[in-house]
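K.L.:
Protein sequence lines, in the order shown, are assigned to chains A and B. Under my numbering, think of the first position of the first sequence as 12, with each following residue one higher. Under my numbering, think of the first position of the second sequence as 1240, with each following residue one higher.
Hint data in this document are derived by calculation from the structure and do not stem from the laboratory. Don't take each hint at face value.
Here are the simulated distance ranges between beta carbons [to be verified]:
no., chain 1, residue 1, chain 2, residue 2, range
1, B, P1403, A, R261, 55 to 65 Å
2, B, G1430, A, R67, 48 to 58 Å
3, B, R1497, A, D179, 30 to 40 Å
Ideal placement from N, C-alpha and C gives every residue a C-beta, glycine not left out.
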Amino acid sequence: MDSPIVSAQGLRKRFGEFEALAGLDLAVPPGTVYGLLGPNGAGKSTAVRILSTLTRPTAGRATVAGFDVREHPGKVREAIGLAGQHAAMDEKLTGRENLRVFGKLARLGRRGARRRADELLERFELTEAADRQVSTYSGGMRRRIDLIASLLRAPSVLFLDEPTTGLDPRSRLEIWAIVRELVAAGATVLLTTQYLEEADQLASAVAVIDRGQVIAEGTPAQLKARIGSHIDVEVGSEDDLAEAGAILERMTGGQPRAEDLRIVTGVHGTAPSVPQIVRELDAAGVAIQDVGVRRPSLDDVFLTLTGRPAEAPAEQRTDEQPKQREKQEAAA
Amino acid sequence: MIVLADSLTLVERKLLQLRHQPGTLVAMLVMPAVMVVLFGYVFGSAIQVPGGGNYREYLMPGLFVMTSMFALSSAMVDVAADQSRGVTDRLRSMPTSRMAVPFGQTGADAVTGLFGLVILLACGLAIGWRVHDGLGRAVAAVGVLLLFRYTMSWVGTYLGLLLPSEQTADSLSPLTLPLSMLSNAFVPTDGMPAWLRAICEWNPISAAVAACRKLFGNPGVPAADGSWPLTHPLTATLLWAAVLLVVFVPLSVRRFARAGL
């Protein structure tokens, strides 16, 4: 394996009494997307702030693109791009003007900044909105122009702090597409997210962070295998509950739990497919209302790894909504 | 060199903002006219200038200084907005000179401030305010006003960096108005209670106003037995500016470079 392009050893950060990072270790191989997954307040943003030289660690060491963040912050800044949770733009200026101003401040020169701004707007299909003030942009466009602004210097390492939090599904897909394109072109991306699905879609490796420490690391597939998935079965009447429960227990080796007419079964390893479940239940004469295999959410990850739920914000619940909608559509 | 180039880029940013907000420009034109009418004619009709003289000639230096004082609140709001929107963090994560940002922002304000001052000077001339002691001293007075404004925008920059949000800055900024009225800008201090009079006369604004009156040759020059800042207004204004700059420039630069630590 190549030596890591971003590395941290024993990073600590205290804010008064509160310890935001409690000995964080990271090693990000070049040319990959690395996900930092965790709920709000886990220390993800603090880690990104230290790696992008905005904050100094209380203890520990970190290097980015070969430079120590504490000793050579200037060199680090030349190699990185940062897009945070805001649209860090001058709202009164147009998208193009913002990119030109930031480009000049990023040492591209007047002409260089102009050329680079036009090129990026073209490449990421923002030319139509480019000459409108950023204050008129939609949430998704703001994030896109913000992400583009972090690419002005063609950074070798890009830090994305919750790039899609609060975005609608379509804008989220657009951001994902950009990230994939950048990595294909050779960049390394370190992104923080509260969504397991996002890490799954983008990252080749994930570190789960809790209370300022890495509590699990691996590929998304490894992580999911560790956490397993859930099978949701809804039966037609209470008489079928016991029968269905027994069948599910036999098929999965898990412990089915019944809530009203719903049976939830946690599965480790490979879950049986929906058709398999339907066939077995049908053969036993169980009337089925609904069957679904639920992929693990951040909550499941936390419940499994820490024994307590993620202290996630309200946005986390948007993960659930599409699933409910799918079910309603299936029922209709 | 890098500091200068980056500062100029930030000046350019400010000018671009103004181009997109013609409303701000109109306000810059209308506000002084409103104040001239309000203070010059509404209040002015009931105010006697000590030692005699036209109240509107007495008033104009007060308005010049008062509008320069607004640089404090505008810098505070701009800096707080950049900080709460993540623009400050973006700049700090780029190879931009960290010194350049506060210098660029205050420099940009000086450029727009000069523009506003020219408009206000024209308003003054239209209502009968005059320069009495020659062009040389008038240019010196404009210099004093710009220095005062520049000082105030550094104070505002530092305050903006301390504030948690743009909203806080917005709600604090109207306070500059009473602050600038606690002075000799609109009424003579002679009639005030002794404690208030002392506060007003030691307010840096009073020294700047008195210096302008002296340099422009306008009425309202205080009696020789007045307090030190008013009898030595030019020295007092320069001292105030020097002290405030020595304190707030390093504080702001340091705070900007280390914000969030």
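K.L.:
Evaluate each hint against the coordinates.
P.N.:
Tested hints:
At about 58 Å, the CB distance of P1403/B to R261/A agrees with the hint of 55 to 65 Å. A C-beta distance of roughly 55 Å is found between G1430/B and R67/A, which places it inside the suggested range of 48 to 58 Å. Taking 30 to 40 Å as the suggested C-beta distance range, the pair R1497/B and D179/A conforms, at roughly 37 Å.
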